[in-house]
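Given next are the chains, with one letter for each unit.
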Amino acid sequence: MKEYATDAAIEMHGVSKHYRYFTLDNISLKLPRGQIMGLIGANGAGKSTTIRILMGLVHHDSGHVQVLGHNMPAQQVAAKWNIGFVSEDMRLYDSMTLGWHIDFIRSIYPNWDAAYAQQLLKRFGLRSEQKMKGLSHGQRVKAALLLVLARKPELLVLDEPTTGLDPVARHEVLRELTNVMADEGRSILFSSHNTQDVEQISDQITFIDRGRIIDSMDKERYLDRWRRLRLEVPRGVDLPALPGIIGIRRDGSLAVATSNAFEPELASAYESTGVHVRRVENMTLEEIFIANVEHSRDEVEA
Amino acid sequence: MPGALFLSQSDKRPIYFQIMEQIKQRIAIGDWVEGQPIPSIRQLAVDLEVSVITVKRAYYELEREGVIVTQHGKGSRVASKPGLGAQLREQELQQHLEQAARIAAQMGIPPKQLQHRLREAGDRVAEADKEKELT
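Sequence lines, in order, name chains A and B.
Under the numbering used here, the first residue of the first sequence carries the number 1, and numbering increases by one thereafter.
Under the numbering used here, the first residue of the second sequence carries the number 303, and numbering increases by one thereafter.
The shape of chain A in the complex, shown without the other chains:
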């Protein structure tokens, strides 16, 4: 197996950046090599700023950033040989064809895999004689992705790669991203506000809201902590306040409790007070996202 300088593809420690109306506050996260991290947050939460700092495009005020073992932004030139970055504002030349772009990138990057590029053209339904100007949004995203994927970079950094795509294009993109993971030395960081994409393909989940990280951990452990408990509260029984419950909605004798620190003991704790636990349900990442943002905003404001 290949030896790498570090076991982390990305490491951020206490990174802050102040703008007049927005502050990215004390961001720390780590993406182990060979894994996919999904960066989730509402619009304006700080996802793009975080990505721009990682790419050395924005300089942070304080903290440390390492990408593939290189300090950013100081060593960004060395780091970028092995990073494929795709964002909305990627510079493609409108009057040139996709084939021209392919030749251009290929002349710069020695790792360019021509056979893989051909496969991608086919799988994405693109033609090299197409001019950039005439491409739809979905085709543009796929073209940009093709141009970085065929370089075979160790790290892919993708800012909202599935936003605005139709279901077929979205599926094509997700399939190529998971294909990349067949190689355990490669890593992906992508941002999205589509929780379904993140839930499906991420190994690591990082939640950002209002410039802060709410949670950052492995997806299975994360999903496992959250549960919805459907309760029946008999007449004359008080619904107790239990630790690990972050929200309760009640209607008559029925109540729904949301937990972000679920243990089976929580259900027995309710039962011992006379409250019946009718069902314990898993939550989708979307449901967790909303519950989590509301809860953390309540805490900040309290």
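These are calculated hints, taken from the structure and not from any lab test.
A virtual CB, placed ideally from N, CA and C, is assigned to each residue, including glycine.
Don't take every hint at face value.
Unchecked claim - Now the stretches of chain A that chain B is said to cover, found in silico as 3 or more residues with beta-carbon under 8 Å:
1. 175 to 183
2. 210 to 222
Unchecked claim - To give an idea of the interface, some chain A residues facing chain B are shown, with a C-beta separation under 10 Å as derived from the structure:
3. His171
4. His276
5. Thr284
As the list claims (entries may be wrong) - Simulated pairs of lysine to aspartate or glutamate, DMTMM-like, Cα-Cα distance not exceeding 20 Å:
6. Lys314(B) / Asp224(A)
7. Lys314(B) / Glu220(A)
8. Lys122(A) / Asp349(B)
9. Lys358(B) / Asp183(A)
10. Lys314(B) / Glu287(A)
11. Lys314(B) / Glu286(A)
12. Lys358(B) / Glu184(A)
13. Lys358(B) / Asp224(A)
14. Lys376(B) / Glu184(A)
15. Lys376(B) / Glu220(A)
16. Lys314(B) / Glu281(A)
17. Lys358(B) / Glu220(A)
18. Lys358(B) / Asp218(A)
Dock chain B against the given chain A, drawing on the hints supplied.
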């Protein structure tokens, strides 16, 4: 073993659980036999277009239940236990029976009556099968 499993987006259960259940089903119906190699964690993740960590979790839980064995560097295979398929089918029946008993208890239905209902359900299934044969 291409396209061996299918995940459903409308299935509300966690993805790792769906993977576990489908692997057990494959073994229960005899498609995957004892000792047979199964896809590597990374390969199955790529095939199903899901994260590696999710498949890892499914394999870990299946190993704990004794359904598969994973040897470092050699990949995973179905456990070499004679009668594993039958055992998994038995387990599934057990779960359904317990679920029925639980609902009956919640509804206050006494065990005798539940037995009677089960016999009736058996008659209805036999009846439906007979009709299927005739048509």
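Now for the hints, and whether the structure bears them out:
1. Against chain B, the region 175 to 183 of chain A contributes 5 residues with a C-beta closer than 8 Å to a partner C-beta. That satisfies the three-residue criterion, and the hint holds.
2. Taking a C-beta to C-beta cut-off of 8 Å, the region 210 to 222 of chain A contributes 3 residues in contact with chain B, enough for the three needed, and the coverage statement holds.
3. Interface restraint check for histidine 171(A): the shortest CB-CB distance to chain B comes to about 8 Å, inside 10 Å, so the restraint holds.
4. For histidine 276(A), the suggested interface contact is upheld, since its CB lies about 9 Å from the closest CB of chain B, less than 10 Å.
5. About 8 Å separates the beta-carbon of threonine 284(A) from the nearest beta-carbon of chain B, less than 10 Å, and the hint is met.
6. Simply put, lysine 314(B) and aspartate 224(A) have alpha-carbon atoms about 14 Å apart, close enough for the 20 Å limit, and the pair holds.
7. Under the criterion of a C-alpha separation no larger than 20 Å, the hint pairing lysine 314(B) with glutamate 220(A) is consistent with the structure, at around 15 Å.
8. Simply put, lysine 122(A) and aspartate 349(B) have alpha-carbon atoms about 19 Å apart, close enough for the 20 Å limit, and the pair holds.
9. Proximity of lysine 358(B) to aspartate 183(A) is assessed by CA-CA distance (about 16 Å); at most 20 Å being required, the pair is judged to hold.
10. Among the hinted pairs, lysine 314(B) with glutamate 287(A) is consistent with the structure: their alpha-carbon atoms are about 12 Å apart, no more than 20 Å.
11. Between lysine 314(B) and glutamate 286(A) the CA atoms are separated by roughly 13 Å; this keeps the pair inside 20 Å, and the hint holds.
12. Proximity of lysine 358(B) to glutamate 184(A) is assessed by CA-CA distance (about 14 Å); at most 20 Å being required, the pair is judged to hold.
13. Pair hint lysine 358(B) plus aspartate 224(A) holds up; C-alpha atoms about 15 Å apart against a cutoff of 20 Å.
14. Simply put, lysine 376(B) and glutamate 184(A) have alpha-carbon atoms about 16 Å apart, close enough for the 20 Å limit, and the pair holds.
15. For a cut-off of 20 Å, the pair hint linking lysine 376(B) to glutamate 220(A) is broken: about 25 Å separates their Cα positions.
16. In summary, the hint linking lysine 314(B) to glutamate 281(A) is supported, as the alpha carbons are separated by about 9 Å, within the 20 Å threshold.
17. The hinted pair formed by lysine 358(B) and glutamate 220(A) meets the criterion: a straight-line CA distance of about 10 Å does not exceed 20 Å.
18. As the CA atoms of lysine 358(B) and aspartate 218(A) are separated by approximately 12 Å, the hinted pair is consistent with the 20 Å bound.
Violation of the numbered hints given earlier is confined to hint 15; every other hint is satisfied by the structure.
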